[in-house]
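Starting from the given sequences, assemble the full structure and let the hints guide the process.
Chains as they are written, first to last, in the working numbering: chain A, 0 to 187; chain B, 0 to 187.
Each hint should be verified, as a subset may be incorrect.
Treat identical chains as interchangeable: a pair holds within one or across any two.
What the hints assert, rightly or not - Subject to a maximum C-alpha distance of 30 Å in a straight line, what follows is the list of computed DSBU-like cross-link-like pairs (lysine-lysine):
#1 Lys29 x Lys149
#2 Lys28 x Lys134
#3 Lys186 x Lys29
#4 Lys93 x Lys15
#5 Lys182 x Lys28
Hints in this document: simulated from the structure, not taken from any laboratory.
Number of protein chains: 2
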Amino acid sequence: MFNLKIIIASTRPGRKGPAIGSWIYDLAKKNSAFEVTILDLAIINLPFFDEPHHPRLKKYQHEHTKNWSILIDNADAFIIVTPEYNYGYPATIKNALDFLYNEWNYKPVGFVSYGGIAGGTRSVQMLKQVVTCQKMMPIPESVNLPFFTKYLNEQEGFVPEEGIIESAGLMLAELAKWAAALKTMRKS
Amino acid sequence: MFNLKIIIASTRPGRKGPAIGSWIYDLAKKNSAFEVTILDLAIINLPFFDEPHHPRLKKYQHEHTKNWSILIDNADAFIIVTPEYNYGYPATIKNALDFLYNEWNYKPVGFVSYGGIAGGTRSVQMLKQVVTCQKMMPIPESVNLPFFTKYLNEQEGFVPEEGIIESAGLMLAELAKWAAALKTMRKS
Chain A
0 MFNLKIIIAS TRPGRKGPAI GSWIYDLAKK NSAFEVTILD LAIINLPFFD
50 EPHHPRLKKY QHEHTKNWSI LIDNADAFII VTPEYNYGYP ATIKNALDFL
100 YNEWNYKPVG FVSYGGIAGG TRSVQMLKQV VTCQKMMPIP ESVNLPFFTK
150 YLNEQEGFVP EEGIIESAGL MLAELAKWAA ALKTMRKS
Chain B
0 MFNLKIIIAS TRPGRKGPAI GSWIYDLAKK NSAFEVTILD LAIINLPFFD
50 EPHHPRLKKY QHEHTKNWSI LIDNADAFII VTPEYNYGYP ATIKNALDFL
100 YNEWNYKPVG FVSYGGIAGG TRSVQMLKQV VTCQKMMPIP ESVNLPFFTK
150 YLNEQEGFVP EEGIIESAGL MLAELAKWAA ALKTMRKS
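Shown next, in the form of C-alpha cells:
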C-alpha cells in the first residue's frame, strides 16, 4: 500500500480547490493501492520560503519547515490539485515545493487542474518543469477540467461526468505503478 | 547491463553535435552499467513525420519508421545531445520523438546541451515537457555547455575541463539507477 498525499494548491478566499480535492480524495480512497491524506496548503499555511540554507542540506531552522518535511517525506506519491493563474501555477504550490528537496525525490506526481478553456493545463505544464528538477516523475495521465464550475454545486460539491472519472482512474493506476518502481530507488 | 542510446539531434552542415556526442559516448563506454550506441539523426535521416496513424497504434507504413522503432524499442535509457535554436529544441529531435510512442515509455533520458550563455538549457527545458508526455523521466543531472566552442579543437575534438566530466559521471550514474527501476515497469 502506498502513501498518497493530495496537495491542494489554492489558498484564496472563495477557492474551489477543496471541493475538487475532496472528489479526487474519495476516488483515491476506493483504490486499494493507496492510503490517502489531503494536504491543504491553506491549513498548512507556509510563509514565503524563509530558510537560510538550501533544502538539500536539511538544516531546517523553522518548525513549519520541519513539519512540512515530515508530511512529504513519508509520502510515496502525490496528486497536486491546482488552478491556473495568469497561465501559470499559483505561488503557493511553487513555494511549498521549494521548501524541500530530498523529501520529493524519486516519487511520482499526478495533476488535477481546473480553469477556463485550457483546463489549467498551462499551470500543470510549468509545474512539470519544476518537479523533474526535484527528481519527481510528472505522469502524463492527468485530470484537466475546462469550465469546471459547471460540475460544482452547493449541495453535492464537485460532480463530474463519467469521462472525467475514467481519467482519474487511469491516473491513479499509473501513479501506483510508478510509486512501486520508484520506491526501490529510495531504498538503494 | 543497460542499453544506452546517445541521440545526436543536430543534422546541419558544420554541426558540432558529433564531436560532443563522441565525447559522451567514450565516457559512457567506460561505465560498466552500459552498452552504448550512437544514433546520429543525420545518418538516420527521418523525413518529417509521415505516418497516417497515431504511433500509439504501431501501425507503421514506412520502412524508416519500422527501423527507428526497432532502434528505440531495445533501448533502456537515452542521452540526447542537442543544440539550442531560437531558445528551443531543433525540429529534428522533436520529429524523431514524435514518430514513436510506446518505444519511449518508461525509460529515463539525460541531456547534453551546448550553446551560448545559457548552454542550451532552454532547449532542454522544452524537451523535458515533451518527453514526460511519452512517459520518459527527464533526469535533472545533465551536462550543459555554455560557450562550448572553447572546448573544441580540430585535432582532439571536444576536450572539456574536469567539472564537466564530473557532471557527465553524475548523469550516467543516475541514468543507470533510473534505468534499473523503470525496466521493472516495462515487464509488468
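Outcome of the hint check:
In the homo-oligomer, the alpha carbons of Lys29 and Lys149 lie at most 30 Å apart inside one protomer (25 Å), although the nearest pairing across protomers, at 58 Å, exceeds that limit. Proximity of Lys28 to Lys134 under the C-alpha cut-off of 30 Å is found in both arrangements, the shortest distances being 26 Å within a copy and 25 Å between copies. Taking identical chains as interchangeable, the C-alpha atoms of Lys186 and Lys29 lie at most 30 Å apart whether they share a chain (28 Å) or sit on different chains (26 Å). For the homomeric pair Lys93 and Lys15, the shortest alpha-carbon distance inside one copy (19 Å) is at most 30 Å, but the shortest distance between copies (37 Å) is not.
For a Cα distance limit of 30 Å, the shortest separation of Lys182 from Lys28 qualifies both inside one copy, at 20 Å, and across copies, at 28 Å.
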